[in-house]
Amino acid sequence: MITKHILLKRILPSILITTVVLVFIGYNFANKKPDTAQQIQVNFNLEDMNGNQFNQKHLEQKPSLLFFGFTHCPDVCPASLQLLTNLIEDLGPDADKINYYFVTADPERDTTKILKQYLSSFDQRILGITGKQDELKKLYNALDIYIQKVDLGKGNYTIDHTASFMMINKDTKKVGTMMHEGFSKFIVIDNYGKIQTPKNDVIKNLKKLLKL
Amino acid sequence: MKKFFTIIILLLFSTSSFSSSYHSNGHKKNKEMDHDYKIGKIEIEKPYTFFTPNGAKVSAGYMKVENDSNRDDVLQSVSNVSFADKVEIHEMTIENQVMKMRPLKKGLVIKADSEVYLKPSGYHIMFIGLKEQISKGKEYKATLNFKNAGSVDIFFKAVNRNYHPDKNHHKHH
Numbered sequence: 001m002i003t004k005h006i007l008l009k010r011i012l013p014s015i016l017i018t019t020v021v022l023v024f025i026g027y028n029f030a031n032k033k034p035d036t037a038q039q040i041q042v043n044f045n046l047e048d049m050n051g052n053q054f055n056q057k058h059l060e061q062k063p064s065l066l067f068f069g070f071t072h073c074p075d076v077c078p079a080s081l082q083l084l085t086n087l088i089e090d091l092g093p094d095a096d097k098i099n100y101y102f103v104t105a106d107p108e109r110d111t112t113k114i115l116k117q118y119l120s121s122f123d124q125r126i127l128g129i130t131g132k133q134d135e136l137k138k139l140y141n142a143l144d145i146y147i148q149k150v151d152l153g154k155g156n157y158t159i160d161h162t163a164s165f166m167m168i169n170k171d172t173k174k175v176g177t178m179m180h181e182g183f184s185k186f187i188v189i190d191n192y193g194k195i196q197t198p199k200n201d202v203i204k205n206l207k208k209l210l211k212l
Numbered sequence: 001m002k003k004f005f006t007i008i009i010l011l012l013f014s015t016s017s018f019s020s021s022y023h024s025n026g027h028k029k030n031k032e033m034d035h036d037y038k039i040g041k042i043e044i045e046k047p048y049t050f051f052t053p054n055g056a057k058v059s060a061g062y063m064k065v066e067n068d069s070n071r072d073d074v075l076q077s078v079s080n081v082s083f084a085d086k087v088e089i090h091e092m093t094i095e096n097q098v099m100k101m102r103p104l105k106k107g108l109v110i111k112a113d114s115e116v117y118l119k120p121s122g123y124h125i126m127f128i129g130l131k132e133q134i135s136k137g138k139e140y141k142a143t144l145n146f147k148n149a150g151s152v153d154i155f156f157k158a159v160n161r162n163y164h165p166d167k168n169h170h171k172h173h
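Protein chains in written order, with this note's numbering: chain A, 1 to 212; chain B, 1 to 173.
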């Protein structure tokens with residue numbers, strides 16, 4: 001009888017308090033995801049296809065979608081540019097709230113002139129970027145873009161490259177990536193993994209992540 | 001009475017335009033069926049290639065290859081292409097968001113009683129050093145050389161990027 005009394009009066013409240021504290025910590029842990037996005041602070045000096053400078057300052061103007069590819073790419077690059085063109089169309093008036101960049105992975109062959117000609121087949125808001133190899137590398141590294149030239153013999157080469165779009169918000173933080181799924185669809189991946197929504201609503205997720 | 005004639009004329013006109021549109025659809029369908037090829041036990045379905053962006057130096061061709069034979073076959077090479085300097089058979093993969101593309105030097109194996117799709121983000125015929133742009137309404141000839149079945153001439157149909165072979169006039173929505 002005495003032991004039961006002690007149990008109720010002393011141990012039970014402490015158990016209750018501990019439980020409440022643990023639930024509270026757990027709740028906070030689950031809901032407050034740490035901000036893992038890193039701010040891009042790179043002193044790169046590149047050139048856009050119109051011959052204008054392209055540097056960090058331009059990334060600070062608006063949220064950006066960047067794709068890294070090359071014009072000697074037969075499949076994933078033109079497909080991505082077409083999907084981006086479709087997406088820009090679907091964004092409607094919101095499309096102008098984002099800057100779109102096609103950054104070359106192949107500065108040897110992709111001159112400003114070639115980029116301008118190539119990109120004239122897609123939405124006119126997609127801006128081609130090229131420049132010196134070392135300057136491009138700064139941007140690749142800042143965004144974790146994998147670029148590897150692969151020799152195919154007889155002077156031919158191809159380039160292995162990250163084939164997803166990088167999503168940068170106005171604070172120049174990488175907030176996610178966007179890539180193909182299946183034949184003609186994009187999926188959005190934030191810093192914690194693939195975003196699953198009932199319809200994989202790319203536009204909705206894009207607007208949310210870029211805070212449009 | 002005048003009204004009656006007008007109706008008759010309108011009716012005649014609408015039926016004739018209906019039948020002509022039906023005819024053109026039927027014709028299109030036949031053409032679509034003509035777009036398949038056969039050599040021995042190998043069947044090639046709907047070869048297509050995308051319109052190229054302005055100034056593009058490369059492009060890719062796609063199709064379905066079916067092997068109805070009870071032994072494996074190999075698409076060893078593609079030849080007789082007049083619109084490009086060079087042709088290769090490629091495999092493309094995307095792993096950890098990185099795209100890699102490699103020539104299949106020993107060719108593409110089509111196992112017995114099975115089919116292989118050459119499609120975006122997978123296998124493709126790569127045309128290197130384009131001499132002309134791939135453009136609307138044109139067809140591009142090539143010869144596929146199989147190890148067992150032999151060689152067959154095919155035509156790649158030029159289509160826009162939103163095309164899907166299973167859904168004609170596929171839109172991006």
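These are calculated hints, taken from the structure and not from any lab test. Among the hints, a few may not be true.
Okay, the calculated beta carbon distance ranges per label pair [unchecked claim]:
{"id": "1", "chain 1": "B", "residue 1": "Ser135", "chain 2": "A", "residue 2": "Asp94", "range": "43 to 49 Å"}
{"id": "2", "chain 1": "A", "residue 1": "Val42", "chain 2": "B", "residue 2": "Lys138", "range": "42 to 48 Å"}
{"id": "3", "chain 1": "A", "residue 1": "Lys185", "chain 2": "B", "residue 2": "Ser114", "range": "23 to 29 Å"}
{"id": "4", "chain 1": "A", "residue 1": "Asn50", "chain 2": "B", "residue 2": "Ser114", "range": "49 to 55 Å"}
{"id": "5", "chain 1": "B", "residue 1": "Glu139", "chain 2": "A", "residue 2": "Gln39", "range": "48 to 54 Å"}
{"id": "6", "chain 1": "B", "residue 1": "Asp113", "chain 2": "A", "residue 2": "Asp123", "range": "43 to 49 Å"}
This one's a predicted model, so the numbers in the text were calculated from it and none came from an experiment. We put the CB at the ideal spot given by N, CA and C, even for glycine.
Hint-by-hint comparison with the structure:
1. B:Ser135 / A:Asp94: 43 to 49 Å: 33 Å, violated
2. A:Val42 / B:Lys138: 42 to 48 Å: Given about 45 Å between the Cβ atoms, the range holds.
3. A:Lys185 / B:Ser114: 23 to 29 Å: For A:Lys185 and B:Ser114 the Cβ distance comes to about 27 Å; the hint holds.
4. A:Asn50 / B:Ser114: 49 to 55 Å: 50 Å, holds
5. B:Glu139 / A:Gln39: 48 to 54 Å: Distance hint for B:Glu139, A:Gln39 holds at roughly 52 Å.
6. B:Asp113 / A:Asp123: 43 to 49 Å: This hint holds: roughly 45 Å between Cβ atoms.
Going down the numbered hints, you'll see the structure goes against just number 1.
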